[in-house]
Amino acid sequence: MIEPLNTLTWELDGWIIVAGVLCAVSCALLGNFLVLRRMSLLGDAVTHAVLPGLAVAFFISDSRSSVPMFLGAVIVGVLTALFTEWIRRAGSVDEGASMGVVFTSLFALGLILVVQAADHVDLDPGCVLYGAIELTPLDRLDTVFGSIPRAVVVLAVVMLVNLAFLLFFYKELKVSSFDPGLSTTMGFSSTLIHYVLMVLVAVTAVASFESVGNILVVAMFVVPPAAAFLLTDRLGRMIAISTVLAIISAVSGHIGAIAVPAGFGYRSTSTAGMMAVSAGVLLAAAALFGPRHGILVRLVRRRLLALRILCDDVCAYLFRLGERQTVDAAGAGELAANLLTGKLPLHLATTILRINGQVSRDGDSFRLTDSGRSRAQQLVRSHRLWEQYLVERAGLDQERIHDKAERLEHFTDLELRSRLDDETDRPTLDPHGAEIPDERVEAEDRGEEPAEAESQNRNDRTSDDRMRSNE
Amino acid sequence: MGLVILVLLISVASGPTAFGAEGTSTLTDRSVTWPTWSQWQRVLTFRDYNSRVVILGTAVLGCAGGLVGSFTLLRGRALLGDAISHASLPGIALAFLIASAAGLDGKSLPTLLFGATISGLIGVAVILLIRNLTRLHEDAALGIVLSVFFGAGIALLGIVQQTQTGHAAGLEAFIYGKTASMGLADAKWIIAASGVAVTLCVLLFKEFKLLCFDESFAASRGLPVLLLDIALMSLVVAVSIVGLQAVGLVLMIALLVIPAAAARFWTQRMAPMTLIAATLGAISGIIGAAMSALFSKLPSGAMIVLVCTAFFAFSMFLGPQKGILGRTLRRLRLNRKIERQHLLRAIYETLERDASGVPDRFREFLSMQTLLPVRSWTPRQLERTIDRAQDDDLVRFRDRDQHVRLTRAGVNEAARLTRQHRLWELYLINYADIAPGRVDRDADAIEHVLEPEVVAELEDLLQHSPSRVQVPESPHRLDHGGAEATGSGAKISVDDSVSDSRETSP
Chain E
1 MIEPLNTLTW
11 ELDGWIIVAG
21 VLCAVSCALL
31 GNFLVLRRMS
41 LLGDAVTHAV
51 LPGLAVAFFI
61 SDSRSSVPMF
71 LGAVIVGVLT
81 ALFTEWIRRA
91 GSVDEGASMG
101 VVFTSLFALG
111 LILVVQAADH
121 VDLDPGCVLY
131 GAIELTPLDR
141 LDTVFGSIPR
151 AVVVLAVVML
161 VNLAFLLFFY
171 KELKVSSFDP
181 GLSTTMGFSS
191 TLIHYVLMVL
201 VAVTAVASFE
211 SVGNILVVAM
221 FVVPPAAAFL
231 LTDRLGRMIA
241 ISTVLAIISA
251 VSGHIGAIAV
261 PAGFGYRSTS
271 TAGMMAVSAG
281 VLLAAAALFG
291 PRHGILVRLV
301 RRRLLALRIL
311 CDDVCAYLFR
321 LGERQTVDAA
331 GAGELAANLL
341 TGKLPLHLAT
351 TILRINGQVS
361 RDGDSFRLTD
371 SGRSRAQQLV
381 RSHRLWEQYL
391 VERAGLDQER
401 IHDKAERLEH
411 FTDLELRSRL
421 DDETDRPTLD
431 PHGAEIPDER
441 VEAEDRGEEP
451 AEAESQNRND
461 RTSDDRMRSN
471 E
Chain F
1001 MGLVILVLLI
1011 SVASGPTAFG
1021 AEGTSTLTDR
1031 SVTWPTWSQW
1041 QRVLTFRDYN
1051 SRVVILGTAV
1061 LGCAGGLVGS
1071 FTLLRGRALL
1081 GDAISHASLP
1091 GIALAFLIAS
1101 AAGLDGKSLP
1111 TLLFGATISG
1121 LIGVAVILLI
1131 RNLTRLHEDA
1141 ALGIVLSVFF
1151 GAGIALLGIV
1161 QQTQTGHAAG
1171 LEAFIYGKTA
1181 SMGLADAKWI
1191 IAASGVAVTL
1201 CVLLFKEFKL
1211 LCFDESFAAS
1221 RGLPVLLLDI
1231 ALMSLVVAVS
1241 IVGLQAVGLV
1251 LMIALLVIPA
1261 AAARFWTQRM
1271 APMTLIAATL
1281 GAISGIIGAA
1291 MSALFSKLPS
1301 GAMIVLVCTA
1311 FFAFSMFLGP
1321 QKGILGRTLR
1331 RLRLNRKIER
1341 QHLLRAIYET
1351 LERDASGVPD
1361 RFREFLSMQT
1371 LLPVRSWTPR
1381 QLERTIDRAQ
1391 DDDLVRFRDR
1401 DQHVRLTRAG
1411 VNEAARLTRQ
1421 HRLWELYLIN
1431 YADIAPGRVD
1441 RDADAIEHVL
1451 EPEVVAELED
1461 LLQHSPSRVQ
1471 VPESPHRLDH
1481 GGAEATGSGA
1491 KISVDDSVSD
1501 SRETSP
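Note that the protein sequences, when read in sequence, are chains E and F.
According to the numbering used here, the residues represented by the first sequence are 1 to 471, in order.
According to the numbering used here, the residues represented by the second sequence are 1001 to 1506, in order.
Treat the hints loosely; a few may be bogus.
Said to hold, decoys possible - Label pairs and their calculated CB-CB ranges: (1) E:Pro-291 <-> F:Leu-1227: 28 to 34 Å; (2) F:Ala-1271 <-> E:Gly-187: 47 to 53 Å; (3) E:Val-196 <-> F:Leu-1227: 22 to 28 Å; (4) E:Ala-337 <-> F:Leu-1109: 21 to 27 Å; (5) F:Phe-1217 <-> E:Ala-394: 25 to 31 Å; (6) E:Ala-394 <-> F:Ala-1310: 57 to 63 Å.
Unchecked claim - Here are a few chain E residues that sit away from chain F, every Cβ distance over 12 Å (derived from the structure): (7) Arg-38; (8) Ala-45; (9) Pro-68; (10) Val-153; (11) Arg-237; (12) Arg-292; (13) Gly-333; (14) Asp-370; (15) Phe-411; (16) Ala-434.
Hints were generated in silico from the structure; no laboratory data involved.
Yeah, the Cβ is synthetic: ideal placement off N, Cα and C, and Gly gets one too.
Can you build the whole structure from these sequences, using the hints too?
Below you can see the structure in the form of C-alpha cells.
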C-alpha cells in the first residue's frame, strides 16, 4: 500500500499538495466565522450560485480568460450573500431557506445561460464545479521565483488577504460574531464586517474552486473549523487548530488518494475528494476523543459519576437500614432491587467500597464499616438538610422535595452542609420527622476535602423514598 | 385528498401503450426557437408521450417535495435535502462497484437507488449523531455531511471510472439529472415514493406538526421525538433520492425548499401551508416542464426551478400573511393611525391646559405653531396628518391663518384617546413602577395597539367607573416641549390627586 508513494514527485505531487494546503487554509481561516455565525452552508451556496456570473462574464467578454470570469463569479457570489440576507430580513424567512432559494435559482439561471452559450463554446458546469486539482501543476505562470503553477499563485494571494483581514480585524470579527449588538455600541458596524466577510468568502470560494473544485471548498469551509470548535473554547486557538487540521487533511488527502485505491488494486483517485474525506476523519476523531467535549470522554465521565453515586446510595441505604430496623446488613439482591440498578454495576460499586474499606462483606450480606458509616452520615445529612431547606426556604411542598434533595445530596460538600445548617437554624429533624445525623466533629477531625461538584443529575428514586413507601 | 390525486396519476402513468408512444423530437430539436401552434397544442393537450411522462413525473415530484419540504422548513432544516442529495453519491458509486464486482448489472436502477438510499440514511444518522452528541449546530452538521460524503462520492467515482464497464456517464446523471429524458420507469419510482411520502405525512400530520413547532412539548406529551425525526428525515431521503436520479441535485433541493418557503407567505397555519406548498410545487413542475418542451433550448430542470422562483418572488411581495407589500401597507396604516392619534391628543391636551373644564373650549382654533413643538413633527408631516384627519371629519382646517380645530366627532375621539393614554399611564405608575416622568413615552409605545377589552380591564383595575370618569387628569405636567426634549423627570411635578375626575366631554 505504501509502494505507490515512492512514485511521488515534487514537480507534480508537491505542487498539488501546496495548492491543496493553500486552499484548505484560506477556506478554514474564514470558515471559523461561518461556523460560529451558523452560516456553514454559505460556501456550498456560493459555489453553486456563481454559475450565472461565469456565463454572463463569458457573454460580455466573449472569451474564457480568467480575469472577467473571476470578476463575474465574485460579483454573483457576493450577490448570493446579499440576496440571502435581504430575503431573510424582508421576508422573515429562515437563513437556510433563503439561502436555498437564492442559490438554486441562480444555479438554474446559470444553467440556462450556459446552455444558450453551448453552441459557441464548451463551458461545462461539471468542470466548473469539480475543478481539477490534479491538473494544477500543468498550468504554469512565470514569476520572479521561477515557474510556479498559476493556482498556487492565486491561492497564495487569497490566503494572504484572508490572513491579513483576520489579523487586522480580529477584535471586530470576534465581537461581531458573538455579539453583534455590542459591536455596534462599540462603534464599528457589524453589518460592514459581515459584508466584508461575505466578499472574502466569495473571493476565496471562486479562486479555490476554479483550480481545486468546489467539494474541497465546501469541506474546508466547514469541517476543520467544526473539528476545532469541538477541541477548544477559545477563538484564537480554534483558528490555529483549524489551520493545522486543514493542512493535515490536505496533505493526507493527497497521499490517501494515491495510496488507498492502490490497496484495492486501482490507480489513484480524486485528490479533492480524498482531502474532504480525510478532513471528515479528523472531525470524527475530534468528536470522539476531544479532551473536553469528546463523546468518549463525556461517556467515561458520566459512567464514573454514576458509579460514585451508586456507591453513595449503597452506603446511604445500609445506613438507613440500620437506623430504622434492627438488621444493618443487606444482600446484593436486596440492594440491587431497592437501588434500581443491575447486578454488574452493584458488584462494581460494592467492590470499590470494600477496597476503600467502607463496606465489609459477611457471607452474602454487606455491612457498613466505621468509615462507611461516616460517609453515609454525611450523605443522609445532606439529604435531610436539603429537604429542610427546600421546605423552609424555597417554600416547596413536602411531598415534592425528595427527588430534588436526592439529586442535590451527591454534590453537597461539608462547607455547603454547614451553610445549609445555618440557613435552616440547625434543625435536628427533617420535614418527614427523621433525625438529621450529626457529623461536624468527625468530619472536621479528618479534615476532609470537599467533594467535587459536577452538574450531573440522576433521576433514580431511591432509599428514603422507597423506605417510606415500604413502611 | 392527495391520495385520490395519486391514484388518478398512477392509473394514467401505468397505461402508456394506451396513449401511444410518439417520437421525442420536440425535446432534442434545436433549430426551432418559437414553437408553432401545433407544438403548443401537442404540449398543452399532453399528446406527446414523452412530455406527458416528464410533466407527470415533475408534477408529482413537485407535489411531494412541497409537502415534505414544508415540514423540514418549519423544523429549521431547509437545506436537509441539500445534504442528503449530496450524501447519496458515495452509495451510488459503491453500489455500482459492489454490483459490478459481484457480476451483476451495476447500472440497474434499483441497485443504484438502493445504494443511494442506504448512504442517504447513513447521512441522516450522522446528522442526528452530530446534533445530539456534540455541541455543533444543525448547519454545521448539514455542511459536514454534505461535503465529506460528497467528497467520498467523488473519490469513489474516480475509481468507478477505472473499471471496465465504468464510464461514469450514467452515474453523473444523478448529479445533473436528465429531466427531459425522464422515462416511464423513473416516473413510476417517483410516484411510488411520493405516494409513500404523502400517505405518511397525512397519517402522521399531527405528530409532525408538533415536532416542528415545539419539540420539547412533543417530548413531554410522550411522543417518540427521535423516531419521528428519523421518520421525517427518511421521507426526505426517499423523495430526494428518486427526485435526484430523475431531475438532478439542484432541482431537487429547489423543490424541497422554494415551494415551502413561498407557501409560508400565504398562511400561518400548518395544513393550508403544506397544501399550498404541494400545489405550488406541482404547478411549477408542470409549467417548467411544458415550457422546456416548447422551447428546446431551455433545460427543463432549470426552468422548473425558475418557475418556482417566480412563484416565490410573487408570494414574497404579495403574500397576504407575511408578504412585503401587505406588511408595508399594514405598517403604513398603523403609522398613520398613530400620527392621527398623536394629533388629536396634542390638540386636546394643549387646549386642556387652559380650558378648565369648559366643554366649548375644546373646539377652539389652534395655530399650527402651537402644535409643532408638541411632537417631533416637521411642518409638512403635521400638515399631511391634519389633511388626512380633515378627510375623516375629525378636524377643521382654516387655510387663511393656518389654524385647526376639532369637530364634534373629533372632540369625542380626542377625549377617548386621551383617556386611554392616561389610564395606561396610571396603570404603569401604579402597577409597573414606572416613574411619572417617563410614563408618557412608555404609554405612548403601547396605547395605539390597545384593544377595547384591555381598556375596560384597565378601568376595572384602577377602580374608575367609566360613567363617572371621562378623562382622568394627567399624572404628570403637560409640558410637552420641555419634558420630551430633555426627558428629565426633575421638571415634572406630579399631582397626587389622580383619582379626581373631571367632566370634559362636550
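A quick look at each hint next to the structure:
1. E:Pro-291 <-> F:Leu-1227: 28 to 34 Å: 33 Å, holds
2. F:Ala-1271 <-> E:Gly-187: 47 to 53 Å: 49 Å, holds
3. E:Val-196 <-> F:Leu-1227: 22 to 28 Å: Given about 44 Å between the Cβ atoms, the range is violated.
4. E:Ala-337 <-> F:Leu-1109: 21 to 27 Å: 57 Å, violated
5. F:Phe-1217 <-> E:Ala-394: 25 to 31 Å: 26 Å, holds
6. E:Ala-394 <-> F:Ala-1310: 57 to 63 Å: 60 Å, holds
7. Arg-38: For Arg-38 of chain E, whose nearest Cβ neighbour in chain F is about 5 Å away, the distance does not exceed 12 Å, so it is violated.
8. Ala-45: 9 Å, violated
9. Pro-68: 23 Å, holds
10. Val-153: Holds, since 25 Å exceeds 12 Å.
11. Arg-237: 15 Å, holds
12. Arg-292: 10 Å, violated
13. Gly-333: About 32 Å separates Gly-333 of chain E from the closest Cβ of chain F, which puts it past 12 Å; holds.
14. Asp-370: 43 Å, holds
15. Phe-411: 23 Å, holds
16. Ala-434: About 33 Å separates Ala-434 of chain E from the closest Cβ of chain F, which puts it past 12 Å; holds.
Checked against the numbered hints listed earlier, the structure breaks hints 3, 4, 7, 8 and 12; every other hint is satisfied.
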